[in-house]
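As you go down the protein sequences, you meet chains Y and D in turn. When we follow the numbering used here, the leftmost residue of the first sequence carries the number 1, and every step to the right adds one. When we follow the numbering used here, the leftmost residue of the second sequence carries the number 1001, and every step to the right adds one.
Quick caveat, the hints were computed from the structure, so don't treat them as lab data. Note that beta-carbon positions come from the ideal geometry of N, C-alpha and C, so glycine has one too. Just so you know, nobody snuck in bad clues.
Straight line, CA to CA, 25 Å or less: simulated DSS-like cross-link-like pairs of lysine-lysine:
#  : chain 1 : residue 1 : chain 2 : residue 2
1  : Y       : K342      : D       : K1113
2  : D       : K1197     : Y       : K269
3  : Y       : K342      : D       : K1149
4  : Y       : K269      : D       : K1195
5  : D       : K1209     : Y       : K269
6  : Y       : K107      : Y       : K143
7  : Y       : K269      : D       : K1149
8  : D       : K1149     : Y       : K341
9  : Y       : K344      : D       : K1113
10 : D       : K1209     : D       : K1197
11 : Y       : K341      : D       : K1113
12 : Y       : K146      : Y       : K78
13 : Y       : K119      : Y       : K146
14 : Y       : K93       : Y       : K59
15 : Y       : K344      : D       : K1182
16 : D       : K1182     : Y       : K342
17 : D       : K1149     : Y       : K344
18 : Y       : K78       : Y       : K107
19 : D       : K1221     : D       : K1209
20 : Y       : K341      : D       : K1182
21 : D       : K1209     : Y       : K91
22 : Y       : K269      : D       : K1182
What follows is a set of in silico ranges between Cβ atoms, one per label pair, in the way DEER data are often shown:
#  : chain 1 : residue 1 : chain 2 : residue 2 : range
23 : Y       : P94       : D       : L1045     : 38 to 48 Å
24 : Y       : P94       : D       : Q1274     : 28 to 38 Å
25 : Y       : K344      : D       : P1151     : 19 to 29 Å
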Amino acid sequence: MEKQSSTRVLLFSSLRDFMRRSIFCILMAGPIPNHIAFIMDGNRRFAKKRHMVVGDGHKAGFESLITILNYCYQLGVKYVTVYAFSIENFKRKPEEVQQLMDLMVDKIDELLEGSFLSKYGIRLYFIGNLGLLGERVRLAAEKAMKATAGNSRAVLLICVAYTSYDEIVHAVEESCREKLNCTEQITESFNSPTENGHCLDEYGGKKLTQKENGYMSHSLEEFRESHSCEIEEATSLVCNGGTERSGDARLILRTSDITEDREKCPVIKLVDIERHMYMAVAPDPDILIRSSGETRLSNFLLWQTTFSPLSSPAVLWPEIGLWQLAWAVLGYQRNYSYIQKKRKQA
Amino acid sequence: MLRLSLPISTRLSPSPREKQDDASPGGLPYAHSSPLAGKPRLPSLLLPGLMPRHVAVIMDGNARWALRRGLPPSAGHEAGVRSLRHLLHLCSHWGIPVLTVFAFSSDNWYRPKAEVDFLMSLFERVIRTELDNFARDGVKICVIGDSSKLPSSLQKAIAYAEESTIRNSRVQLIVAISYSGKYDIVQSCRSIAQKVKDGVLQVEDIDEKLVEQELETSCSKYPYPDLLIRTSGELRVSNFLLWQLAYAELFFAQALWPDFGEAELVEALVSYQQRHRRYGTRSS
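So here's chain Y without its partners, still in its complex pose (with noise of 0.2 Å):
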């Protein structure tokens, strides 16, 4: 008797790796998403569903985590992002954001111990504003941080004390900052005081020349690069008593040509945001996938998910399995080229 279930249980073992399998050959056939992002939502209704306590519904949740992740590498997908905690949720009750703080702690020391990240060669990144969190998960964080940043197969990015506009304000602070470090510097050059009255003879040169008679010689590369301007090349004008420089690409501005400098230094743009997001470390999700069947977004990769397809299945995370993600990447598949042609665009 016991020697027949256990051969059904082998049995049935055997056929869902088969079919699992089969899942995924079909799948590659196609292009694979390199990033798939999760909303891991509905851990608190499985929890009432199977009469558990909450804090056992979050655990289940991470196992699930674990399975998809799991396929998700086996699939081939390089970054996966998930929802651990958003800033909106510290406003819960005090009890169960203590014990959500507490099982992210306890969960970093288990993947840290085990083997499972060094099975995929994962990079593990906390993306949020960590400053929010306790000292104790902030630490566990930053350690788990490192102790990966050796691992370059498949990235694990987790959003936690985390929202899209957390997010770009944080973006928004460092582009202004940035562009007020940059007009300071030009206004500080062009006020420094004048040595010897001759620029200094590098063509090409690393530093900055001093102001001589209204004049700032600079090598244009070297100006270009730390600027980011788009400035026209003055004629050359005179130089270390009045000869011309002939020949040379050093590029020698006005003083209005300075001011004006100033103004428009530097506009401002889209890729200067971009590269203050917490998210610049990965590409933007290919897909994003909603457990629960809420479709809804909830400050989640606002900026990131523009031309990402969304899927919603009606499971709860602890539930959700690989047809959930099979469904939603092969919806990626099915809208491949159209959505390459936007990104190209945008």
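Let chain Y serve as the given structure and place chain D on it in line with the hints.
Only chain D this time, still in chain Y's reference frame:
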């Protein structure tokens, strides 16, 4: 049962109103041939207290609608205008104070020049000819997007329409032309950067509220949509109202935009009213 996304309108066949020009969209009888006649009553399926304050629509599918009928894309866009008129009329009478529509994305400039030129002239024509209807329905129009790329005649028409409808208060129609959500945030950032440079603000003062104030949708009393509807079955946001959609409920309708009528709107609103909105907290 596996569901890809919830909820999706199952309507796939052309609307009856294509065949019966005298009937109203959705088949309900109207006194006159125009779907804008009379005051449409709120269907009993919908609860007045749970109506969204701001509905946003990505009007997708005009070209496909025309292709299916062997017509040029321009015919699809003209049909799309009729859908928009009807939707605006319904919003005006069903107590939805703000309607935002994605008329032309910044990515749409890559379309063939003939189509782009047609769309620009269509926008201008519609804005000019609808002014009387706006006055009758109490519509205040506001156009958002990078207007510098628009023809000057369209810019003038927009400015005139905004000025002449500024005192209307029944429903605000926000039309996004040459708009992208990312562009909106970049221009907000530039405004903030200018204020920092001018010493009006410190970098440390920059917060969510400041970014929100500088977005183009700050022209509205309710800048954040409660419900986003995208037609034609496409399941993405496509760079529309990026910041503003953080907590919006998303509804993906299968119907192509020219086929989107009262029945489809009711379905979207019923779906919206059944949802639980938690904003990251817990409902209990």
